[in-house]
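Same order as they appear, the protein sequences are chains E and C. Residue numbers for the first sequence follow full-length UniProt numbering, so the first one is 1 and each next one is one higher. Residue numbers for the second sequence follow full-length UniProt numbering, so the first one is 1 and each next one is one higher.
The set of hints was computed from the structure by calculation and includes no laboratory data. Remember, it's a predicted structure, so these values are computed and weren't measured experimentally. Careful, some of the hints might be misleading.
What follows is a set of in silico ranges between Cβ atoms, one per label pair, in the way DEER data are often shown [to be verified]:
1. E:D611 / C:S28: 55 to 65 Å
2. C:P250 / E:K566: 54 to 64 Å
3. E:K479 / C:P506: 25 to 35 Å
4. E:H71 / C:D198: 34 to 44 Å
5. E:N52 / C:R11: 47 to 57 Å
Backbone N, C-alpha and C define an ideal beta-carbon position, used for all residues, glycine too.
There are 2 protein chains.
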Amino acid sequence: MEVVDHLAHERKKAQFDVEAMKIVWAGSRQAFEVADRMARLAASDPVFRKDNRTMLSRKELFRNTLRKAAHILNQVVKLGLSEEEASKLRFFMDEPAYTDLHWGMFIPAIKGLGTEEQQEKWLTLASKMHIIGCYAQTELGHGSNVQGLETTATFDPTSDEFIIHSPTLTSSKWWPGGLGKVSTHAVVYARLITNGKDHGVHGFIVQLRSLDDHLPLPGITVGDVGMKFGNGAYNTMDNGVLRFNNVRIPRSQMLMRVSRVTREGKYLKSDIPRQLVYGTMVYVRQTIVSDASCALSRAVCIAIRYSAVRRQFGSQDGGLETQVIDYKTQQSRLFPLLASAYAFRFVGEWLKWLYKDVTQRLQANEFETLPEVHACTAGLKSLTTTATADGIEECRKLCGGHGYLCSSGLPELFAVYVPACTYEGDNTVLLLQVAKILMKTISQLGSGKLSVGTTAYMQRAEQLMQCTSDVCSAEDWLKPSVILEAFEARAFRLAVSCAQNISKAPNLEEGFLELSAELTEAAIAHCQLIVVSKFIDNVQGDIDGMGVKEQLHALCCIYALSLLHKHLGEFLSTGCITPEQAALANEQLRSLYTKVRPNAVALVDAFNYTDHYLGSVLAFAEAATYEIKALKMEVARGEQHHQKNWYVILRK
Amino acid sequence: MEVVDHLAHERKKAQFDVEAMKIVWAGSRQAFEVADRMARLAASDPVFRKDNRTMLSRKELFRNTLRKAAHILNQVVKLGLSEEEASKLRFFMDEPAYTDLHWGMFIPAIKGLGTEEQQEKWLTLASKMHIIGCYAQTELGHGSNVQGLETTATFDPTSDEFIIHSPTLTSSKWWPGGLGKVSTHAVVYARLITNGKDHGVHGFIVQLRSLDDHLPLPGITVGDVGMKFGNGAYNTMDNGVLRFNNVRIPRSQMLMRVSRVTREGKYLKSDIPRQLVYGTMVYVRQTIVSDASCALSRAVCIAIRYSAVRRQFGSQDGGLETQVIDYKTQQSRLFPLLASAYAFRFVGEWLKWLYKDVTQRLQANEFETLPEVHACTAGLKSLTTTATADGIEECRKLCGGHGYLCSSGLPELFAVYVPACTYEGDNTVLLLQVAKILMKTISQLGSGKLSVGTTAYMQRAEQLMQCTSDVCSAEDWLKPSVILEAFEARAFRLAVSCAQNISKAPNLEEGFLELSAELTEAAIAHCQLIVVSKFIDNVQGDIDGMGVKEQLHALCCIYALSLLHKHLGEFLSTGCITPEQAALANEQLRSLYTKVRPNAVALVDAFNYTDHYLGSVLAFAEAATYEIKALKMEVARGEQHHQKNWYVILRK
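With the sequences and hints as input, model every part of the structure.
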């Protein structure tokens with residue numbers, strides 16, 4: 001069979017140093033090298049094979065995940081991998097597993113909420129995986145509203161125990177990953193009740209299954225919630241359901257760092273600031289933003305390579321047809337997603353810095369920036385996950401019919417990614433949190449209280465309300481200051497307009513509810529401004545490598561101007577730009593697409609993804625699309641045997 | 001277990017006659033009765049059970065589909081069902097099957113392209129299913145560009161046969177439903193070659209498998225293309241791959257109604273107009289628009305019932321939390337989709353009329369309206385399928401975490417629906433076809449040639465370029481004439497702007513390519529205008545039933561004003577409305593949401609969907625969400641048996 005590298009001529013066109021861009025994408029040479037090494041390790045290890053995943057039955061699929069998770073543990077020890085390497089290897093294993101919850105939620109919850117003695121006892125067991133833990137918060141009837149949880153933990157002073165109970169059907173724990181089949185223990189969130197008084201939701205360590213035979217303990221009813229969206233995808237995870245029938249645990253298993261119950265049943269708060277909880281949320285959401293850039297860049301890589309190989313229409317006299325990547329319709333959908341992948345990468349790196357910064361402040365008991373930081377990470381989580389989920393599906397559609405095949409990798413990538421829009425804060429609920437901070441900031445303007453962090457620009461209220469864009473040529477839209485001003489003015493004016501409308505309502509709360517759809521739009525505008533400004537900061541910094549800065553500048557402008565086009569109504573209705581300036585922005589956008597076109601394949605090569613990680617027959621780095629597909633044709637004799645059965649059924 | 005009907009109080013709120021609305025939705029009392037009877041028949045027959053579908057392995061799934069398809073054939077005979085009833089029963093079977101292609105593509109292709117003798121021979125066999133056929137057009141390398149197909153049919157005068165051959169890998173037939181496992185025959189599209197001359201793509205009947213043992217015939221390599229997106233979904237279909245190695249068929253198996261090859265190898269065209277082919281495309285796309293309203297209404301029904309049952313936040317002192325349907329954020333995402341479902345229903349009914357009309361014209365050899373009709377159906381196919389696919393996914397997200405469970409019905413509904421955006425014309429390619437007609441219509445303005453059908457409004461060019469909306473209160477946005485004028489002006493001005501920009505290019509073709517992204521936007525604006533105007537026509541007609549007309553009027557305004565909000569940049573940049581009028585539209589939209597809110601559950605009840613058809617544990621018509629879910633908990637002893645195995649694997 002002929003094997004032609006259909007991408008070689010594309011790579012020759014690149015106008016920048018791809019190796020240098022790889023370092024920029026990775027964050028540093030060291031980060032690049034670790035990722036590169038671990039990606040190759042995962043790709044070369046047959047245990048991590050995943051091309052058969054969408055064909056496995058649920059049970060086979062789950063066994064497969066158990067094997068992979070155990071293999072990683074062994075490899076980490078055997079190869080003496082560092083924490084960073086182990087984490088990267090887990091990343092390139094590329095499937096959700098119970099271990100994600102054990103390491104990512106169960107252990108951090110004990111670290112955050114447990115006393116030193118509790119940490120000593122439970123983390124020792126957990127770090128060796130002598131126990132396996134999950135995080136049982138969400139209930140069948142209670143997701144976003146954590147304060148509405150119904151499970152109870154009633155202190156019984158006669159036995160010095162808590163009685164954990166599920167009083168209603170809606171109080172059943174529902175969703176925790178790792179719960180359905182694997183976990184021996186859980187951090188369970190329940191309403192603490194002592195002496196008949198409800199002290200609200202607290203965390204408790206509860207053993208669920210026997211360490212001898214893995215059977216559920218008395219009073220525990222536990223199972224799997226069933227199939228979830230997609231082939232493979234999150235079906236590798238045993239998301240579970242859990243009910244307690246008066247299950248008793250020792251008092252010592254309440255996590256008592258922040259508040260505790262005495263032997264006599266007295267409820268006491270410690271002097272540990274409650275704000276520490278927000279620090280953890282900032283951490284988790286920051287990792288979600290990083291993951292967004294990974295997932296989106298992966299989909300974009302597949303779609304761009306496919307679009308460079310796929311040809312359709314445009315042939316004169318029987319010659320080669322036009323590469324679909326040359327069509328403006330394809331470019332105008334694909335390149336903004338490419339630009340978004342880079343944008344999310346940079347804002348993710350900035351969030352890492354922000355988390356470090358806020359952690360230091362918390363340790364120094366400085367809390368004043370926390371609400372803004374918390375809202376900012378919530379908003380960026382919402383913005384990037386929504387855009388990524390939609391972007392993956394758009395990339396799938398951009399691969400035409402072939403994107404519908406599981407072997408394209410895109411259906412599973414979508415199905416495994418999309419819950420990020422819902423978990424760790426529903427994206428709409430999070431936008432309303434951002435909107436609250438925006439409304440508060442506006443209400444305090446002129447009060448002398450300075451707005452901080454990403455809301456600092458609002459301090460320039462007068463200028464932002466009055467400025468008009470001075471764009472008078474398409475080239476003007478390439479200036480970062482011009483872009484920034486338009487995005488700042490639009491975000492501010494939308495927020496002010498909401499505040500004005502709210503003030504007409506009988507009270508603020510009613511006004512906020514009535515205007516909530518508009519408030520989410522104002523919050524999105526604010527979050528887009530953050531992403532744009534961080535992208536600009538990066539482009540304006542020192543960047544090594546021939547042509548790298550130019551490419552990033554072009555992508556930055558594509559990101560901003562495609563958003564301007566998408567949300568044009570907001571820019572125009574607030575008077576930030578004129579219709580003529582909007583037309584110039586579109587003109588510039590078309591030029592930018594032409595500029596990026598010859599670099600598109602190289603710009604996705606810079607992600608340095610292995611064929612194993614991509615997992616798509618449409619996007620092998622060096623071979624051609626169709627040759628690989630042909631290998632997938634499950635034809636010939638092997639199949640013909642079965643066909644007789646079908647014949648029998650057909651003729652029945 | 002307590003069973004409470006959480007929807008009863010919602011139904012009491014309805015301000016209109018739901019039974020009358022059911023008739024409006026169905027199209028007529030007769031249509032309602034047939035659909036109602038067939039839906040109940042499907043729901044009550046255990047063979048049509050589908051709640052286990054997402055858990056079946058591919059092989060079990062496929063056997064299950066074969067059983068269902070065969071059962072329908074038997075039932076149709078046994079119960080003496082009419083054509084209309086049989087078609088509805090197939091609809092409520094609710095899964096893609098090889099029979100869809102046999103009845104929907106193979107037979108119609110022979111009817112359309114075969115001579116009377118050919119029809120006599122092959123339709124007799126096919127109608128009794130003595131042969132099973134599929135439609136083999138698309139190739140691995142050729143989808144949208146049918147003229148680029150590579151499979152050849154070379155006439156051999158020595159034996160009076162055609163030699164069907166796949167000269168390259170990219171010429172492999174790829175995708176045909178029913179091909180992978182079931183079909184005995186196919187209508188194969190191939191380049192006709194006689195005397196060394198290529199006459200372009202023609203249709204041929206080719207036998208693929210033996211009628212004795214169902215094995216592929218010599219020279220035929222055939223198989224299944226593998227897993228596709230989603231659980232269940234299109235994996236019930238055996239989409240296939242097919243290669244020919246010099247397969248010989250008699251000359252009589254070329255479909256010769258439109259053109260033919262003589263015994264001597266001479267190629268002759270008949271006097272049958274080629275335009276007839278477009279009639280078939282109009283028919284197929286018209287059915288796709290109808291299907292869009294079914295799929296979207298189904299998703300909306302699930303999301304609205306769920307939103308009425310689900311409560312989150314807003315509780316004071318431990319009372320009931322707020323129904324999520326009461327949040328403006330939920331309403332502003334959900335109600336435009338409800339309105340779209342109704343809008344697509346009405347435009348679908350209109351397309352049925354249009355198809356009848358064009359068929360009569362074709363029979364009378366009147367072809368002048370055909371290009372516009374063809375573009376109109378292409379555009380509406382694109383518009384409604386894109387909106388429906390996005391809308392189903394939005395409904396899924398609106399059900400929070402629970403929408404991610406297969407038992408919600410939404411993941412499978414999305415996965416089975418979404419290929420409609422790609423098959424029968426990629427949605428972007430179709431929009432460009434609409435754009436071509438728009439550009440042509442504009443170029444002919446003032447030439448004396450009248451624009452026809454849905455482009456007739458363009459005749460009023462001068463008025464459309466100069467008009468400004470006279471809205472000066474929120475109530476003004478309730479007037480159909482006001483809405484229609486704004487949509488007409490926006491569509492026309494966008495098209496004119498594209499035409500002007502194209503005229504600046506060195507030539508029209510280059511200009512069209514350069515502007516193609518903008519052209520798709522102009523095409524969408526035109527198609528939205530069609531949907532809005534047909535909705536208005538319906539609302540302005542006679543409608544029986546208390547309050548029905550008022551509800552439809554509200555939905556019509558929601559459909560139009562939510563689109564105005566979404567595409568605000570286009571309305572503002574073209575000067576059709578002012579920012580102040582846009583603010584009034586938003587204000588009116590909020591009022592309309594409040595008006596529809598108490599009727600929301602009744603408006604989805606009017607779809608008259610059975611629990612079987614909906615297939616969602618979130619949306620049972622009479623029982624409550626959570627009680628049903630509890631039944632799904634796969635817990636207790638049965639599962640514990642397996643847990644020992646996992647324990648062993650975990651401890652390995």
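Can you name, in rising order, the numbers of the hints this structure does not satisfy? 4
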